[in-house]
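Given chain A, work out where chain B should sit, using these hints.
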Amino acid sequence: MSASAGATTPSVTRPKLSELFRAFVIVSISGFGGALPWARRMIVEQRGWMTAEEFNEAFALSQFLPGPNVVNFSVVFGSRFGGAPGAAVALAGLMGPPLIIVTILAFLYARFGDLEVLGRILAGITAAAVGLLIAVVAKMAAPLFRKRWDWAPLIAIAAFIGVAIIQWPLPWVFFVLAPISIALAWIKR
Amino acid sequence: MNDNPLIALAGYFALLSLFAVGGANAAIPEMHRIAVEVMHWMSDRQFADSFAISQVSPGPNIIIVTLIGYHVAGLAGAAVATAAMCGPTCVLAYVVARTWDRFKEARWRIAIQAGLVPVSLGLIAASAFVLARSADHNIYAAGITGVTAIVGFATRINPLWIFAVGGVLGLSGWL
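Going line by line, the protein sequences match chains A and B.
The numbers in the working numbering rise by one with no breaks, and the one at position 89 of the first sequence is 89.
The numbers in the working numbering rise by one with no breaks, and the one at position 137 of the second sequence is 137.
Derived by calculation from the structure, the hints in this document are not laboratory data.
Computed list of lysine to aspartate or glutamate pairs in EDC-like fashion (alpha-carbon distance at most 16 angstroms, straight line):
(1) 104(B) with 53(A)
(2) 188(A) with 150(A)
(3) 104(B) with 54(A)
(4) 104(B) with 57(A)
If we strip away everything but chain A, and leave its shape as in the complex, we get:
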């Protein structure tokens, strides 16, 4: 377990499995537009289960792994405090409530998706959601294009062209670009 962190964690308390579950339920149902800020608030500020540095480290690991970051984070966090049962409980707390809500919405959409009114509302929401996605891209791109890593923007543009314009399958683009990008990051450091 995290015995190695003993020096920095005298004030950190260990959650019980039931507390772990409840915490991730709350994170998941408050997490509109990204659950990370809520997870941080809950775990670091409210419950004191991790220091800010430990949280950043666990989150860096979650970003390092493929797949949804918050889902990875629930597994990383849960396993640190409760092994496999802890990981399962945190994951269930995170995914359970949204799964129920979205299944109900999917049922309603299957029933009423053809209604013109619903279609118009969803079209408006989609247009807005795409705008937010562009804002995310801009925020991510700003530091990358400002740094002196001249190769990074080229990789990003190549990934964009491969997937969006030429419409290659994601694994192809990944296997071509990821090794090049990682090699360049290795050399540049």
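Structure of chain B alone, referenced to chain A:
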């Protein structure tokens, strides 16, 4: 690929989960390519609608796979798609979490992480492009997208307000 849609859902999403560097938003173009263009599971509009529903739902954005799965094969499809998208990466997360301390300072680890950032940025930009093409059918929809992008970039407003405004404008019949 296969006659049984559950097997196709499980195979595609399990594979996709391992390449989704940058999370759900980076995987949107590949989901679109498979669900709309390759497998013809849903129309372009249905895909865009699923994205909108996943955005206004609480919880991780990856929940869009639950909607696609439900559309393809009902409750079983929803369960299979979600498990396939989360399962492989969760097992990986569990295994790596136990060895992380050993290599978190390693140079190769730092190079991998730094190298994947621009790849995932390009993928998320591709998501925005693919979705914009599905959503922005006219100048008004494109206008909403443009204004939202600026507001989202410049402020820290709760996205629910932006979705609410988008929904009302859509309802008003401009789009």
